[in-house]
Every structure is written in structure tokens, then in C-alpha cells.
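Take the sequences, apply the hints, and build the full model.
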Amino acid sequence: MGNGPAGEAKTTYREALREALREALDADERVFLMGEDVGRYGGCFGVSLGLLEEFGPKRIRDTPLSESAFVGAGIGAAMAGLRPIVEIMTVNFSLLALDQILNNAATVLHMSGGQFPVPLVIRMTTGAGRQLAAQHSHSLEGWYAHIPGIRVLAPATIEDARHMLAPALADPDPVLIFEHGTLYSASGDLDPAAGPVDLDTASVRRPGTDISLITYGGCLPKAMAAADTLAADGISAEVVDLRTLRPLDDATITGSVARTHRAVVVDEAWRSGSLAAEVSSRITEQVFYELDAPVERVCSAEVPIPYARQLEEAALPQAVDIVKAAHRAVD
Amino acid sequence: MTAARTPKPAANPVRTARTANPARTAKAPRRTRPDTAGADTSHDRDLLRAMLLIRRFEERCVELYSAAKIRGFVHLYIGEEAVAVGVSEALTPDDAVVSTYREHGHALARGIPAEAVMAEMYGKATGCSHGRGGSMHLFDAGHRFYGGNAIVGGGLPLAAGLALADRMRGEPRVTCCFFGDGALAEGEFHETANLAALWGLPLLLACENNLYAMGTALPREHAQTDLAMRAASYGMAAWAVDGMDVHAVERAARQAVEGIRAGSGPHFLELRTYRFRAHSMYDPDRYRDKAEIEQWKERDPIATLTERMRARSEWDDKALATIERLVAEEIDQAVEASEKAPTEPAEDLLRFVTSRSAEVN
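Listed in order, the protein sequences are those of chains A and B.
Residues in the first sequence are numbered consecutively from 73, following the working numbering.
Residues in the second sequence are numbered consecutively from 17, following the working numbering.
No lab work stands behind these hints, which were simulated from the structure alone.
Just so you know, not all the hints are guaranteed correct.
Stated by the list, open to error - Here chain A is said to cover these stretches of chain B; the calculated rule only asks that three of the stretch's residues, wherever they fall, bring their Cβ under 8 Å from a Cβ of chain A: (1) 141 to 149; (2) 152 to 164; (3) 178 to 184; (4) 195 to 208.
As the list claims (entries may be wrong) - Estimated spans, in silico, between C-beta atoms of each pair: (5) 116(A) / 65(B): 53 to 59 Å; (6) 95(A) / 231(B): 17 to 23 Å; (7) 204(A) / 87(B): 47 to 53 Å; (8) 373(A) / 79(B): 55 to 61 Å.
Ideal placement from N, C-alpha and C gives every residue a C-beta, glycine not left out.
Here is the structure:
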């Protein structure tokens with residue numbers, strides 16, 4: 073880890089996640105990490121590399137390939153008062169634990185009349201863009217954001233990767249954290265002033281006056297790139313990073329649209345029944361009369377994500393698509 | 017229709033496998049009860065009263081259901097009382113229980129007041145789940161009763177997590193998870209059995225084999241119907257028990273719980289039992305021979321115990337009548353209190369969705 077020009081530490085998204093885990097494990101002995109290959113392997117994406125040596129096998133637990141059992145075990149351990157962090161290798165495999173997440177984690181507090189909170193954190197990789205084909209490229213965080221009783225986070229910046237875990241662990245209810253696979257190696261300067269993230273708020277990543285680009289996760293860098301292009305075209309785009317997908321921060325979303333009067337919602341999931349549809353709907357419900365143009369959506373094509381590079385690129389939202397959508401709204 | 021096989025009563029529990037887990041240190045359990053199964057009149061009286069409470073409670077539930085006082089799914093445990101009562105005898109208040117949707121017996125045997133269970137059936141505010149759960153989702157933190165799970169096999173991973181927490185903290189507690197024969201066809205059973213054995217978790221897997229997964233008979237849903245043998249293949253102690261004999265169940269459960277507390281990892285009991293009533297109130301019970309049901313009723317666990325007690329001189333019809341009267345009074349009180357109990361206001365609909373919404377009210 074080198075030092076940046078302004079005394080800021082150069083780091084990566086992956087290292088920021090690891091540092092957050094280390095801090096959590098240091099801070100609270102009830103915290104432990106379990107999942108497939110989180111220990112000896114160091115995590116499928118290298119996030120937990122070195123933590124086994126530092127914290128030992130009791131707290132960095134390699135599990136069998138049993139998503140339902142180890143997610144359910146995390147739920148039970150949380151109900152018993154521990155603070156488990158469960159890593160599911162990718163969102164694609166979380167489908168094997170969907171029953172435990174929906175029917176237990178999200179439901180037990182309510183079904184028990186408030187007797188059993190589930191202070192569980194589940195981390196998983198999401199998204200496409202690495203030529204991994206249909207079964208390893210899903211973006212299903214919008215599905216999870218459909219479920220009452222859980223909080224859904226999507227850290228898109230190094231600061232959020234570093235500072236979302238502590239407040240997630242402090243939440244008495246289940247929190248799902250979606251880490252986009254293309255972000256792990258993103259490097260940058262970690263703002264030393266950054267602290268715990270307020271998990272109820274979205275973040276304006278770039279202020280603008282002409283249009284709001286509303287996105288999250290792996291699409292944030294694409295939206296930022298699109299804003300650069302639009303600036304060159306004379307269009308001032310504001311970029312809103314949702315970062316908490318449930319509950320949505322309506323005030324930040326609608327506040328931005330009330331200022332810019334136009335919106336493009338960018339979501340790597342499929343368009344039909346998507347989180348983008350939810351955001352778009354809330355805009356029309358809450359600030360319809362502020363709009364100068366219909367809300368645009370840029371989502372993935374409705375196709376299982378293909379392997380070949382040009383096909384995958386064509387399937388996913390790209391900066392150029394965001395720029396086109398913004399022009400449609402502004403011009 | 018396929019006739020289910022008659023289970024062989026396992027008079028002498030025979031282990032089909034033993035774990036190779038290294039001995040693990042565990043603190044002594046905080047409370048133990050004396051093992052007086054089958055030898056002590058006052059203990060037998062307790063067992064009988066516990067089984068009768070379940071039986072009469074559920075018979076009253078049928079009446080209340082017909083009177084539309086309670087609704088939803090109601091799955092009766094009648095016939096299986098020896099399992100809940102015998103297993104519960106082997107547990108201490110510090111232990112935890114995870115149950116299924118057929119859970120009235122587990123909840124009552126665990127000591128949750130009949131009034132709290134009945135009020136939950138009524139959907140009242142005084143119910144043990146504040147009217148959010150109903151018959152299939154009884155919860156009680158005070159009794160470490162972690163709820164009925166209405167997804168077959170869904171409670172197993174959660175139970176492993178409770179056991180994991182105890183293991184990580186060095187608590188000498190046991191988690192008991194009840195589930196049925198149907199759950200052995202679910203992946204959750206196999207994932208959990210493997211995980212629990214691999215990590216040596218203090219977990220009692222109490223399989224209530226009542227020979228039917230809803231309407232599908234055991235040989236029609238399992239290629240291998242020796243359930244204990246399948247559990248043993250994961251490297252845990254596992255054996256079959258006559259689930260119609262409360263003494264046999266209690267003895268087996270005590271033996272299993274002792275082994276778990278001694279650090280030898282999860283144990284599996286195949287408790288061979290039978291439900292006398294249909295799967296639920298909606299079930300016309302077309303898939304079972306009436307003769308088969310009548311044959312099993314001859315092995316009624318309550319009658320079996322009373323006959324055994326009668327064979328000893330200390331017991332007579334008068335004593336039985338006294339217990340019946342006490343049980344009836346308890347249920348009358350539960351119904352009366354549930355009738356009078358307040359309902360949850362609709363304004364509190366969103367309460368308990370998150371911990372923050374729970375704090376709002």
C-alpha cells in the first residue's frame with residue numbers, strides 16, 4: 073500500500089474490503105467469517121487472504137459446498153447472539169440458499185413477534201463483465217431488494233467497500249452486501265477522512281444540473297464515464313449512487329430529479345421487473361411534475377449473459393448506452 | 017396405495033455407526049434430571065400428563081377449528097406424543113429446540129404455557145408469536161424454542177447454527193432439531209448432517225418417522241428406507257427407536273444427549289411413530305388404509321404408558337381421572353384466556369418487520 077500525493081493511501085476495493093473485515097474481527101469477538109474457500113484459499117476473489125493466519129480457523133471457517141446449510145448456520149448463530157459474516161462465493165450460488173435467506177433470515181423476526189432478531193451479514197459477488205457466461209453473471213440484488221426484513225447494500229467505491237461493513241454489522245437485522253466482480257481490482261486513494269457509511273442514504277458522486285444518472289454497484293464507473301462524455305457534449309450530469317438498494321433513499325433520488333428534471337436509471341439486471349423499474353416508478357409517483365422528459369432506463373438485454381466478448385458487451389449496459397439515453401432525455 | 021412397513025421396535029438401541037470425532041472438552045451441563053424412565057411412578061405421571069396435555073389440547077383445537085375460532089393450517093400431532101415428551105425429558109432449559117409445522121406437541125412438551133400456544137392459534141396479541149405465526153410458527157425465547165419451520169428441512173441449517181454458536185462459545189448446551197421422514201429427501205438434511213458431523217456440532221437430529229411425507233408413504237419417497245443408516249453414513253451415531261414408547265424415546269434421547277454433551281458430535285434418532293389423524297385439517301386421508309391406522313392405534317403411546325403403570329400397584333383409574341381433570345382445566349383456562357385476549361391492532365401491521373420497526377410501537 074503506497075501513499076498518494078495528498079497523503080492518501082493508494083489501495084484497492086479488494087484490500088478495502090479485507091481491511092474492513094480485519095477491523096470487524098478485531099473489534100468484536102462475536103464476529104466470524106465463514107464460507108467456501110474463505111480460509112486457506114484466501115477467498116475466491118482474494119478478499120480474505122491472510123485472515124486465517126491472523127485470526128485462526130475458529131473465526132475464519134472454510135465450509136463445505138453447502139450454501140443452504142452454511143447460510144442457515146449463519147442465521148442460527150446470529151439468532152444465538154454471534155455476529156457471523158457469511159460469504160457466498162457469488163450471487164449465482166445464493167440461489168441454493170434462497171430458502172434460508174427469504175424464509176428464515178428475512179422472516180423470523182416477524183414470525184416470532186419480535187423475539188428473534190437475525191444480526192447476520194451475507195457478502196457475495198455479483199454481476200457480469202468477465203466473460204463467465206450465463207451461470208456466473210447474474211445480477212440478482214434487485215430480487216433481494218424486493219424482500220422486507222433485509223437490508224441490501226452495493227458498495228461501488230473504495231470508501232464504501234471499506235466503511236459499509238461496520239454499520240452493517242451494527243444493524244440488528246440481516247444485511248446482504250453485493251460486491252461487483254469487476255470492482256475488486258479497482259484501485260484508488262482511500263479518503264482518510266471517510267468514516268462509517270450512513271446506510272440509509274444514497275450518495276451524489278458527481279453534482280450536475282441537467283440530468284440525473286441514477287445507478288449503483290458495477291455500473292457506477294460506467295455512469296461516471298458517461299457523465300464525462302456528456303460534459304464534453306455540454307450536458308451537466310449528476311450521478312447518484314444508490315448504494316443501499318433496500319431501503320431506497322427516496323429523498324436523495326427525488327431531490328436530484330427535482331433539480332435536474334430528467335433521469336436515466338442504470339441497472340445491470342434485466343429490465344423487466346427490475347430495481348430500475350422500482351426507482352423509475354418512485355420518481356413518477358413522487359416527482360412526476362418535476363419531469364421534463366420520460367424517465368429512461370438502461371438495463372441488460374433480456375438474454376442469458378453470453379460468453380463471447382462482443383456478445384457480452386452488447387448484452388450489458390455500457391457508458392455509450394447511458395450517453396445515448398441521456399441525449400434522448402435532454403435533446 | 018402402498019402399505020407402509022411396520023417399524024420394528026428397537027428395544028435395545030443399536031448404534032449403526034459411531035463418530036470418529038476426537039473427544040472434545042465441554043463444560044458440565046448446568047442441570048440434569050435423574051434417569052428414571054420406566055421405573056418411577058411420579059416420573060411416569062409427569063410423562064403421562066405431558067402426553068395427555070398434547071392430546072387433549074389438539075382435540076380441542078379440532079373443535080375450535082370446526083367452530084372457525086382458529087384458521088390456517090393446523091397439523092395434528094395426535095399419536096406422536098411419546099416422541100416430543102420423551103425427547104424433551106432429556107433436554108434441560110438451557111438447551112434449544114427447533115421444530116416443524118407439526119409443533120404443538122414440541123411446544124407444549126418444552127413447557128410453553130398452553131395459554132400462550134392457544135392464544136397464538138387464535139391469532140391474539142397474547143400468543144407466543146404475537147399472532148404473526150399461528151400454528152406453524154410458535155416461538156418462545158424464554159424456553160429457547162426457535163420456532164416451527166413450515167419449509168420441510170428448513171429448520172435444520174438454522175439448528176446447526178445454534179449448535180455452532182454454543183460450540184464456539186464452549187457452552188455445554190445441546191440443540192435439538194425435530195423434523196420428519198420427508199426431510200430426509202431434502203438437500204438441507206444432507207448438507208446439515210455433513211456440516212454438523214464435520215464440525216462436531218452439539219446437535220440432536222430427532223427424526224420423527226411417521227411413515228408419510230404428507231400423503232406419500234416412506235417406500236414411495238425413499239430408495240433406502242433405513243433412515244438411521246443413511247444418517248450414520250455421515251459419520252454420526254444414529255439408531256432407530258420405538259417412537260410409540262415414551263420410555264424407549266426418553267432412554268434413547270438421554271443416551272444421545274449424553275453423547276453430544278460429552279463431545280462426540282451430532283446424534284441422529286429415527287423415532288418410529290405414526291400420526292393417527294390426517295396430515296392437516298384439509299386432508300381427506302385417502303392414501304392410508306383404515307386398517308393400518310387402527311393397527312397403529314393399538315400401540316397408542318398414552319394407552320401403552322397407562323397400561324404399564326396399571327401393572328404396577330400404585331396406579332389406578334382414579335389417578336388417571338385426576339390427571340385428566342387437571343389437563344382439562346389447563347386447556348379450559350387456555351381457551352377462556354384466548355377468547356378474552358386482545359387482538360393485534362391492524363395499525364401495528366408493520367411491527368417486527370425490522371428491529372427498528374419493532375421499536376416504533
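Earlier hints that do not hold, by number: 6
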